[in-house]
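Peer 1: Here is how the chains run, residue by residue.
2 protein chains.
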Amino acid sequence: MSKTVSVVENIMSANDRLAAKNKERLDAAGVVAINLMASPGAGKTSLITRTVEALRDDLAIGAVDGDVATTIDADRIAASGIPAVQINTGGACHLDAVMLQEALPQLPLDELDLLIVENVGNLVCPASFDLGVHRSVLIASVPEGDDKPYKYPVMYRGVDAVILNKIDVLDAFDFDIDYFRRGVEALNPGLTFLSLSCKTGEGFEAWLTWLREETS
Amino acid sequence: MSKTVSVVENIMSANDRLAAKNKERLDAAGVVAINLMASPGAGKTSLITRTVEALRDDLAIGAVDGDVATTIDADRIAASGIPAVQINTGGACHLDAVMLQEALPQLPLDELDLLIVENVGNLVCPASFDLGVHRSVLIASVPEGDDKPYKYPVMYRGVDAVILNKIDVLDAFDFDIDYFRRGVEALNPGLTFLSLSCKTGEGFEAWLTWLREETS
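For the protein sequence lines, the chains are A and B, in the order given.
The numbering used here numbers the first residue of the first sequence as 1 and each following residue consecutively.
The numbering used here numbers the first residue of the second sequence as 1 and each following residue consecutively.
Heads up, some of the hints might be wrong.
The calculated EDC-like cross-link candidates involving lysine to aspartate or glutamate, where the alpha carbons are at most 16 Å apart (straight line), are [to be verified]:
(1) K199/A with E102/B
(2) K23/A with D113/A
(3) K199/B with D174/A
(4) K199/B with E102/A
Keep in mind the hints are simulated off the structure, nothing from the lab.
None of the values given here were measured: they were computed from a predicted structure.
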C-alpha cells in the first residue's frame, strides 16, 4: 500500500514540476493559456470555434485539443483557421503537464496571444492535474442538470470561471439556475459565473469581455 | 517505469479476482446485476427510478449508487422504496470490485431479482474496472451529441446495451441518430440498441422487455 502511494506522489510532484516549466515557457512567449474542462458534450469545441470566429481580428489564438481517441475536435478547430495541435491520450482520462509540454513546441507560441487547451471530456479526473496554464474554465450545460456542482465539487472548486452553456434549451429541462449557481458559489466564492448559448450566441459577449480582460 | 506498470498490473488483477468473487456471490443469491454507466447527467438515476416504478410488482430490485460526493442520487433511489446502498468514492472516478464487494452485504441479496449498480458519471474510467456483474449498460443522451461513440470508443465497445436517452428533445439539437447508431454498431456489433425518454416514457417499454428477458 505504501509503495503504491509513494509512486502516485512521485507522479504528482513530477507533474507539478513540468507544469511550472510549461508556465515559464508560456510566460516567456507572452501567451495566456486557459484549461477548458467539461463533461463530454457540454460544448467545449463549440465554445472554442465560436470564440475564434468572434475574436480572430483582435487576438491570435491557438488551441491544444485533448481526446482519448480520434481527431474530430481538433479537425473542427483547425477548420476555423487557427493553429491547433491534437493530443491523443491513448485512452487516458485527462491531460497532464507532460502531454502539454510535448504539444507546445508544435505551436507558433511567439505569435499567439491566447492558447486554449481543451481537456478530455470528464468531470472528475482533469481537476487533479495541473497543466501550468494561467486560468481554468469549466463548461456546464443545462441538459446535464442543476445538481452537478453538488455532485462533482472538486472540479467546480478549482476553476476561475464557470460557464453555463445551452441556455437556449432551458425551457425543455427542469433546471433551476438559482440552485445551480448557489452550489457553484458555495464551493467557489468570487469566481466568474457566465451563462450563454454557443448555438444562438445569447450571453456570449460577456465571455468575450472576460477573455479580453484576461489577455490584456 | 517498470515498477509503475507492475503496480498497475497488480491492482488490475486484484480487481479481477474480487470481481469474480462478486459474481459468485450474486449467482449464489440468484441476483442478476447490471453496471449502469454514463456521462454526468445522461439520466442514470432517472432510468433507475422510472424502472423501479414500472417493475416494482414484477421484480425485486435493489441498487448500489456510486458517486464522488454527496448522497443525492442514493436518496432519490431510496425514496422510490427499494433497498439502496450509497458508495461514496471519496473523489475516485469509477467504481471498482472492492467497493462493490463492501456494498453487497448491506443489501438483502437473497430477496432480490435484479441489482442495478449506478457507476460514477464518467465516460472513460469505469470501462476499465470489472465489477463482477452480469451485464453492462451505457446511457447516452441526445444533448451530448452524436459523435460520442467515435470519441469514447472503449466505453461503447465493452457494453451489452446502449440506451439513447432524452429523445424528447431531439428537435432542439443537431443529433443524427443514424450517424450515432452506425458509430455504436461499428464498435460493438450485435449489441442491444434502445432509444427512449425517461421523462416522457417514450420507448421505455422496450427497455423493460430487455430487463425482463435478462432476469428471467
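Peer 1: All hints are to be evaluated individually against the structure, with a verdict given for each.
Peer 2: A quick look at each hint next to the structure:
Between K199/A and E102/B the alpha-carbon distance is near 45 Å, which puts this suggested pair outside the 16 Å criterion. Between K23/A and D113/A the alpha-carbon distance is near 14 Å, which keeps this suggested pair within the 16 Å criterion. Between the alpha carbons of K199/B and D174/A the distance comes to roughly 10 Å, so the proposed pair stays at or under 16 Å and holds. Between K199/B and E102/A, the direct Cα distance comes to roughly 45 Å. Violation of the 16 Å bound is thereby established for this hinted pair.
Checked against the numbered hints given earlier, this structure breaks hints 1 and 4; the rest are met.
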